[in-house]
Amino acid sequence: MLAFFGRLQSIDRRVIYLVMFVAAAISLIVPVTLPVIPSNQALNAFEAIEKAPTDKYALIGADWSNSTRAENGAQTYALMHHLMRRHIKFAIVGFDVQGPPNVEQIVKELAPKYGYEYGRDWVDWGFHPYNAIKATLKAMVRDMPGSMKHDINNTDLTDTVKLPIMAGLKNMDQVGLIVEITPADTYESWVAFVQGYGGGKPMVHAPTAVMAPEAYQFLDSGQMVGMLTGLKGAIEYEGMVKQPGRATKQALALSVAHVLILLLIVLGNLGYIAQKRKPQTRLEDQP
Amino acid sequence: MIKAIGDWFNGIPEWLHRMFPAHTGAVGWAFILGSVLLCIVLFFLAQQLRPAGRKAIIVTVTFLSGLFYVLEFYVPAKIVNGQEENFLTPFLPVVSDLAQIVAAFALGLGIYSLVTLHGKKVAKGSQGWFYSLVFFISLIAMTFMGIWNWLPVHKDIKVNNNIHDILYLGGLNGLEGTMFSVIAFYIASAAYRAFRIRNAEASLLMGAAFIVMMGQVYAGQWLTHWLPTEGLLANARVETMSDWLLTRVNAPAVRAIGFGLGVGLLATALRIWLSLERGSYFDREV
Amino acid sequence: MDHSDWANRILSLFLCAAILTMIFRARRGKQPFIRRIPGLTAVDEAVGRATEMGRPMLLVSGLGENDLVITFQAIAILSNIARAAARFGNRIITPVYVPQVMTVVEQAFQEAYNAEGKLENFRPEDIIFLSNQQFAFAAAVAGIIQRERVAASFLFGQFFAESLIMAENGNMVGAIQVAGTPSTTQIPFLIAACDYVIIGDEFYAATAYLTREPTLVGSLVGQDIGKAAILLICIIGVVLTTAMGPDNPWMHWFNHIWWSK
Numbered sequence: 001m002l003a004f005f006g007r008l009q010s011i012d013r014r015v016i017y018l019v020m021f022v023a024a025a026i027s028l029i030v031p032v033t034l035p036v037i038p039s040n041q042a043l044n045a046f047e048a049i050e051k052a053p054t055d056k057y058a059l060i061g062a063d064w065s066n067s068t069r070a071e072n073g074a075q076t077y078a079l080m081h082h083l084m085r086r087h088i089k090f091a092i093v094g095f096d097v098q099g100p101p102n103v104e105q106i107v108k109e110l111a112p113k114y115g116y117e118y119g120r121d122w123v124d125w126g127f128h129p130y131n132a133i134k135a136t137l138k139a140m141v142r143d144m145p146g147s148m149k150h151d152i153n154n155t156d157l158t159d160t161v162k163l164p165i166m167a168g169l170k171n172m173d174q175v176g177l178i179v180e181i182t183p184a185d186t187y188e189s190w191v192a193f194v195q196g197y198g199g200g201k202p203m204v205h206a207p208t209a210v211m212a213p214e215a216y217q218f219l220d221s222g223q224m225v226g227m228l229t230g231l232k233g234a235i236e237y238e239g240m241v242k243q244p245g246r247a248t249k250q251a252l253a254l255s256v257a258h259v260l261i262l263l264l265i266v267l268g269n270l271g272y273i274a275q276k277r278k279p280q281t282r283l284e285d286q287p
Numbered sequence: 288m289i290k291a292i293g294d295w296f297n298g299i300p301e302w303l304h305r306m307f308p309a310h311t312g313a314v315g316w317a318f319i320l321g322s323v324l325l326c327i328v329l330f331f332l333a334q335q336l337r338p339a340g341r342k343a344i345i346v347t348v349t350f351l352s353g354l355f356y357v358l359e360f361y362v363p364a365k366i367v368n369g370q371e372e373n374f375l376t377p378f379l380p381v382v383s384d385l386a387q388i389v390a391a392f393a394l395g396l397g398i399y400s401l402v403t404l405h406g407k408k409v410a411k412g413s414q415g416w417f418y419s420l421v422f423f424i425s426l427i428a429m430t431f432m433g434i435w436n437w438l439p440v441h442k443d444i445k446v447n448n449n450i451h452d453i454l455y456l457g458g459l460n461g462l463e464g465t466m467f468s469v470i471a472f473y474i475a476s477a478a479y480r481a482f483r484i485r486n487a488e489a490s491l492l493m494g495a496a497f498i499v500m501m502g503q504v505y506a507g508q509w510l511t512h513w514l515p516t517e518g519l520l521a522n523a524r525v526e527t528m529s530d531w532l533l534t535r536v537n538a539p540a541v542r543a544i545g546f547g548l549g550v551g552l553l554a555t556a557l558r559i560w561l562s563l564e565r566g567s568y569f570d571r572e573v
Numbered sequence: 574m575d576h577s578d579w580a581n582r583i584l585s586l587f588l589c590a591a592i593l594t595m596i597f598r599a600r601r602g603k604q605p606f607i608r609r610i611p612g613l614t615a616v617d618e619a620v621g622r623a624t625e626m627g628r629p630m631l632l633v634s635g636l637g638e639n640d641l642v643i644t645f646q647a648i649a650i651l652s653n654i655a656r657a658a659a660r661f662g663n664r665i666i667t668p669v670y671v672p673q674v675m676t677v678v679e680q681a682f683q684e685a686y687n688a689e690g691k692l693e694n695f696r697p698e699d700i701i702f703l704s705n706q707q708f709a710f711a712a713a714v715a716g717i718i719q720r721e722r723v724a725a726s727f728l729f730g731q732f733f734a735e736s737l738i739m740a741e742n743g744n745m746v747g748a749i750q751v752a753g754t755p756s757t758t759q760i761p762f763l764i765a766a767c768d769y770v771i772i773g774d775e776f777y778a779a780t781a782y783l784t785r786e787p788t789l790v791g792s793l794v795g796q797d798i799g800k801a802a803i804l805l806i807c808i809i810g811v812v813l814t815t816a817m818g819p820d821n822p823w824m825h826w827f828n829h830i831w832w833s834k
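From first to last, the protein sequence lines stand for chains L, G and Y. According to my numbering, the first sequence is numbered sequentially starting from 1. According to my numbering, the second sequence is numbered sequentially starting from 288. According to my numbering, the third sequence is numbered sequentially starting from 574.
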C-alpha cells in the first residue's frame, strides 16, 4: 500500500497533461453555468463605472495581445458593455501593437447594439511604442491631440469635423475614468503618469490573474478603485452587467482546472509522506 | 534677468518652428531624404571613432537626455492655464515624439537582425534552414496582407478581408493563444512537483495556496456557501479568507519588495545616467 | 504625479545622496561587507556541471523592453556568468528579446571573453534576437532548450507569464536553473521550476556580489541606507498617526506642508 502511495509522487508529466486536457475539454463542452460570488474588487470596479460622469470621457488602455484574449478579451467585452450602456464616450490607446485593433474589433461588434458611432462616441488613437510609454503618457495628459497626433485611420486629431469627440477631449481635465486592460506592467506607467493627474482620476484595472497580486497594493492605496482579476473577474463582471458571454461559459473549466491542480498537489504530498514512512532497510539486514 | 532667461528659453520652440517649418510634397520628401543621408554620414563617422570617443558621446547624450526629465520633474511648477508647468514642460511633446521615433527604430533593428540571421541559414542551407524559409514566407505574407488590406481601395474587398482574418485571427491569434494556454499544463506539472510539505514554512505556504486557489472558483466558494455572509462566521468563508490573504498578507509583502526594488531601480538608473558603470558599454578596447 | 512635491524632492535627494556618497566612499577603498546570496554561489556549480556534461548553457536577459534599466542589470549579471563560461570553455546561447540591446550584449560578452583571454572562443552567432513578441520568444527559447539539451539555464531580468514556459522546459531536459527577477508575480513560478531563485532586491545586489566592484558595492550599501530611511519614516508615520489620530490639526498642517509643490 505504501509502495502504491509512494509512486504517486512520480506521476509522468504526460499523464498529468492528458488528464488536464481531457478535464478542461469536457468542461468546455458541457453546458453548465456556475453561480459566481463577485469579489469586492470587481464590485468596486462596477461601482466606479456606474458612477462615472457621462459628461466626461474614459481612456481605455488597450495593452493586450491575442495570447491573453481568453482573459483580457472577455474582460474587454464585459467592460465595453457597461461603458456603452452608460453612454460614456471613450478613447482607445495602446502600447501593444495588437491591443488597439483587438479592442476596436470588440467595440465595432458591440457598437450597433448601443448606437455608438466612430468619431462621435469613440475614437481609437492606435498603437504607440511600448518602450516610449512613459514619455508618451507624460505628454498625453497635458495635450492629447498634440501628443497622439492622429487616429488609427490617420485622421488628424485636431480635425473636429471628422472626429467631433475630439472637440471636447483635449487633456486629462476632461477625463473622468481610466480603464487599463493589460497582461503586462503597463499599469505602473498609467498609475504613475496618468492616474495621479489633477488630484487623481478613478482607474479600473483589468489584468490577467497572474499579474493581479502585484496590483493589490494600488487598490489599497486608492490609486486603483477596482480590479477584474483575470477570467474570474470577467465572469463576475459579465454577471453584474447581465451579459453572460464566453467568460461565463468557461467558469466550469476554470473550476475544474483549479480543483485538478489541488488534487495533484494532494496526491504528490501523499506520495511524499508515504515515501518518508517507508521502512528503510538497514545495511546490516541486507543479504 | 531670470525672467529674461526664462523668456528666451520659452521662445526656443517658436524659433525651431520658424527655422524648420513643416514641409509637404516634394520638398518634404527631400528633407526626409536629406535627413537619412545626414544620419548615414554621422553613423559612418561614429563608426570611425575609437571606443573612448564613442564613450564620450554616449556619456554626454545619456546625461543630457536624463537631465531633461529630472529637471522637468523636480523644478517647481506654477499653474499656467489650469495646468502645472515649469520652463521645460512645453518641451514634453517634442521629447515624447523623439522618444517614440527612437523607439520605433527598434522595429527596424529587430527585422534587420532576424532577416540577417535567417537569410544566412537559408543561403548556406544550414541545419533547420527550412524553418528560416517559413519565417520569410510568414513575414512577407503577413506584412503584405496587412498593408494591402489597409489601403482604402482594398479595405472592403471580401477576399482580402478573409485572407487577412485567416492569417491574423486564425494563424497568429491561434498560435499565441496556444502558447499562453500551454502555461496551464506547465503550472499543473510544476505545482505537482514542487509543492511538498517538507517543513512548517512549506505547510503554511500550502495552506495559503489552497485557500487562495479555492477562493477563486465556484467549487471552493460552494464549500462554505452555507456560512452567513455577515458576522463573525462570514470570516470563515473561503472567498473571505482568500481576499484577506491577498489584501492583508500578499499586498504588504509585495509593497515591501516594491520599496526595495524601487530603491534598487533608482540606484541602477542613477549609475547609468551618470555613467558610473564601469567595465562595459565601450569602456575598454577589445 | 505631474511634478514633484517637497516630500518627493527631499526623499529623492536623500536617497541619491546616500547612494552617491557610498559609491565614492567605496571607490576610495572602504569595502563594506555583503552577505552570501545562495543563488549566486550556485553559478560556478552550474557552469562546472555544464562543462562536465559537455552541453551548452542558456542565458536569457528577460523581456524588459519598457524598463531597459532592468535589462542592463541582467546583462551585467549574465556577462559575469559568460566570463565563467569562457574560463571553463563552455558554449553559451543567448536569446535576446529587446533588439536594441543586442549590440550591448555582444559587447559585454566579448569583453568577458577577452578578460579571460579566450576571445577566440567567443561566438557572436550564439547571441540571437528571436522576437519581441512575448510568446513567440518563449516558444523559440523552449525550442532551443529542447534541441540543444542545455545543461544550465540562467534566467535574469524582467519576465511575465512566459517565464514558466522557459523554466519548465529547462526542468524537462534536466538543466540546473538559476533565475533572478524583480517581477514579483513570476517569483512563485520560478521557485517551483528552478533550482535557485534570486528574489527582489538581491537581483540588484547580484552584480555587486559577483564582481565586488567598488561602484556596485557602494551603491548596494547606499540602497540599504535608503531602505532603512524609508522604514524609519514608515514607523514614525505609523506611531504618530496612531498616537495623534489622522484628523489631528498638526497632522493636517504637516501634510499640507509636506505635500505642497
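If you're looking for bench data, these hints aren't it; they were derived computationally from the structure. Each hint should be verified, as a subset may be incorrect.
As the list claims (entries may be wrong) - List of simulated lysine-lysine pairs, DSBU-like, C-alpha gap at most 30 angstroms: (1) Y/Lys691 <-> G/Lys365; (2) L/Lys170 <-> L/Lys242; (3) L/Lys162 <-> L/Lys149; (4) L/Lys113 <-> L/Lys276; (5) L/Lys170 <-> G/Lys365; (6) G/Lys342 <-> L/Lys149; (7) L/Lys113 <-> G/Lys407; (8) Y/Lys691 <-> G/Lys411; (9) L/Lys51 <-> L/Lys108; (10) L/Lys162 <-> G/Lys365; (11) L/Lys134 <-> L/Lys276; (12) L/Lys249 <-> L/Lys56; (13) Y/Lys691 <-> G/Lys445; (14) Y/Lys800 <-> Y/Lys603; (15) L/Lys134 <-> G/Lys342; (16) L/Lys134 <-> L/Lys51; (17) L/Lys108 <-> L/Lys276; (18) Y/Lys691 <-> L/Lys134; (19) L/Lys149 <-> L/Lys242; (20) L/Lys242 <-> L/Lys276; (21) G/Lys342 <-> L/Lys56; (22) G/Lys407 <-> Y/Lys603; (23) L/Lys134 <-> G/Lys365; (24) G/Lys365 <-> L/Lys108; (25) L/Lys249 <-> L/Lys149; (26) L/Lys51 <-> L/Lys276; (27) G/Lys408 <-> Y/Lys800.
Against the structure, the hints come out as follows:
1. At most 30 angstroms may separate the alpha-carbon atoms for a hinted pair to count; Y/Lys691 and G/Lys365 exceed this at roughly 58 angstroms.
2. Distance hint between L/Lys170 and L/Lys242 is unfulfilled; the C-alpha atoms sit about 34 angstroms from each other, more than 30 angstroms.
3. Under the criterion of a C-alpha separation no larger than 30 angstroms, the hint pairing L/Lys162 with L/Lys149 is consistent with the structure, at around 14 angstroms.
4. Taking the CA atoms of L/Lys113 and L/Lys276, the gap is near 63 angstroms; set against the 30 angstroms cutoff, the hint is violated.
5. With a CA separation close to 20 angstroms, the supplied pair L/Lys170 and G/Lys365 stays within the 30 angstroms bound.
6. With a CA separation close to 35 angstroms, the supplied pair G/Lys342 and L/Lys149 exceeds the 30 angstroms bound.
7. Only pairs whose Cα atoms come within 30 angstroms are accepted, and L/Lys113 paired with G/Lys407 is rejected, the gap being roughly 52 angstroms.
8. In summary, the hint linking Y/Lys691 to G/Lys411 is supported, as the alpha carbons are separated by about 27 angstroms, within the 30 angstroms threshold.
9. Distance hint between L/Lys51 and L/Lys108 is fulfilled; the C-alpha atoms sit about 24 angstroms from each other, no more than 30 angstroms.
10. Distance restraint check for L/Lys162 and G/Lys365: the Cα-Cα separation of roughly 35 angstroms exceeds the 30 angstroms cut-off, and the hinted pair is therefore not satisfied.
11. Straight-line distance between C-alpha atoms of L/Lys134 and L/Lys276 comes to about 54 angstroms, which puts the hinted pair past the 30 angstroms bound.
12. At roughly 34 angstroms between alpha-carbon atoms, L/Lys249 and L/Lys56 are farther apart than 30 angstroms, so this suggested pair is violated.
13. Only pairs whose Cα atoms come within 30 angstroms are accepted, and Y/Lys691 paired with G/Lys445 is rejected, the gap being roughly 59 angstroms.
14. Of the supplied pair hints, the one linking Y/Lys800 and Y/Lys603 holds, its CA atoms being roughly 21 angstroms apart against a limit of 30 angstroms.
15. Taking the CA atoms of L/Lys134 and G/Lys342, the gap is near 26 angstroms; set against the 30 angstroms cutoff, the hint holds.
16. Between L/Lys134 and L/Lys51, the direct Cα distance comes to roughly 29 angstroms. Compliance with the 30 angstroms bound is thereby established for this hinted pair.
17. For the hint linking L/Lys108 to L/Lys276, the alpha-carbon distance of about 60 angstroms lies beyond 30 angstroms, and the restraint is violated.
18. This hinted pair does not check out: Y/Lys691 and L/Lys134 have alpha carbons roughly 41 angstroms apart, beyond 30 angstroms.
19. Straight-line distance between C-alpha atoms of L/Lys149 and L/Lys242 comes to about 37 angstroms, which puts the hinted pair past the 30 angstroms bound.
20. For the proposed pair L/Lys242 and L/Lys276, the alpha carbon gap of about 52 angstroms is over 30 angstroms, so the pair is violated.
21. Proposed proximity of G/Lys342 and L/Lys56 is contradicted: the alpha carbons are some 49 angstroms apart, above 30 angstroms.
22. Restraint check for G/Lys407 and Y/Lys603: the C-alpha separation of about 51 angstroms exceeds 30 angstroms, so the hint is violated.
23. Distance check on the hinted pair: L/Lys134 and G/Lys365 sit about 22 angstroms apart at the alpha-carbon level, within 30 angstroms; holds.
24. Of the supplied pair hints, the one linking G/Lys365 and L/Lys108 is violated, its CA atoms being roughly 42 angstroms apart against a limit of 30 angstroms.
25. For the hint pairing L/Lys249 with L/Lys149, the CA-to-CA distance comes to about 40 angstroms; that exceeds 30 angstroms, so the pair is violated.
26. For a cut-off of 30 angstroms, the pair hint linking L/Lys51 to L/Lys276 is broken: about 58 angstroms separates their Cα positions.
27. At most 30 angstroms may separate the alpha-carbon atoms for a hinted pair to count; G/Lys408 and Y/Lys800 exceed this at roughly 50 angstroms.
When the structure is compared with the earlier hints, violations turn up for hints 1, 2, 4, 6, 7, 10, 11, 12, 13, 17, 18, 19, 20, 21, 22, 24, 25, 26 and 27 and for no others.
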